[in-house]
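Chemist: First to last, the sequence lines map onto chains A and B.
First residue of the first sequence? That's 7 in our numbering, and the numbers climb one at a time after it.
First residue of the second sequence? That's -15 in our numbering, and the numbers climb one at a time after it.
Hints were generated in silico from the structure; no laboratory data involved.
Each statement offered as a hint is correct.
Pair by pair, the computed Cβ-Cβ distance ranges are:
{"id": "1", "chain 1": "A", "residue 1": "GLY69", "chain 2": "B", "residue 2": "GLY0", "range": "40 to 50 Å"}
{"id": "2", "chain 1": "B", "residue 1": "SER(-4)", "chain 2": "A", "residue 2": "LYS15", "range": "22 to 32 Å"}
{"id": "3", "chain 1": "A", "residue 1": "ILE60", "chain 2": "B", "residue 2": "ALA63", "range": "41 to 51 Å"}
{"id": "4", "chain 1": "A", "residue 1": "ASN71", "chain 2": "B", "residue 2": "SER53", "range": "38 to 48 Å"}
Cβ atoms here follow ideal geometry from the backbone N, Cα and C, with glycine treated the same way.
Chain residues, written in single-letter form:
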Amino acid sequence: NAGVTQTPKFRILKIGQSMTLQCAQDMNHNYMYWYRQDPGMGLKLIYYSVGAGITDKGEVPNGYNVSRSTTEDFPLRLELAAPSQTSVYFCASILDRRNTEAFFGQGTRLTVV
Amino acid sequence: KQEVTQIPAALSVPEGENLVLNCSFTDSAIYNLQWFRQDPGKGLTSLLLIQSSQREQTSGRLNASLDKSSGRSTLYIAASQPGDSATYLCAVRERETSGSRLTFGEGTQLTVNP
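Looking at chain A on its own, in the form it has when it is part of the complex:
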C-alpha cells in the first residue's frame, strides 16, 4: 500500500525555469492538497482539489498551477521559477471532509538558484 507518492524528492531549478511536481495516491481519496513549508514554519496551502476536474486556490497560489484529470493524480506546475519558491512541497490526501485523517507524501525539496 503505497499511500501518497511524490516525485522527485529533490530538485534544483534555475530562475525562470519551469517544472511539474508529481503527486499520486492509491487510496481512492477524493480530496487532495498541495502545501509548502518554509524553514521553521508551518505548512501553507497552495491549491486543493475536491475531486477529478475540480480545483481551487489556497492561501499562497501565485506562481503555481494545478490540474486533476484523474482521482489518483494531482500535479503541481511551477512556471517561471523564482527564489521565493525555494521550499519543501508536500502533497496530502483525505477520503472525505469530515472524519478521516490526512495522509502526506514524503515531500519534494526544491531550490531555485
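Following the hints, position chain B against chain A.
Modeler: Quick look at chain B alone, frame taken from chain A:
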C-alpha cells in the same frame, strides 16, 4: 480566518520526563484536529486524530486532548525518550471552508536529551 498557535516553539527536556505540548485555534468550527510528527528533512507522520465530538485520544505513550469550546488541544508525552526528538505539528480541519482544508500551527521542536 483560522489561526493555529503552538506553544512552546522549542522544548528541551531530559530523558524520562513527562511533557505537554500546547495547540490553540481561533475558530471552533472544526471537524477534527490532528497531531503530526516531523523528523528533520522528512515528511509528516500522523500521530493522533481527534474528532470534534471527542475529548481525547491515546496511542501508547501519547495522549491528546481537545477542548473545542475553548479552542485548545494538548499532546501529552509520557516518559520521554531521545527517539521522541522531532517537530510536532497540530492541524485543524476547518468546517466552514471549501475543500475542508487543514490549517497548521508552526510546530514545537522537541529535543529529549539522554
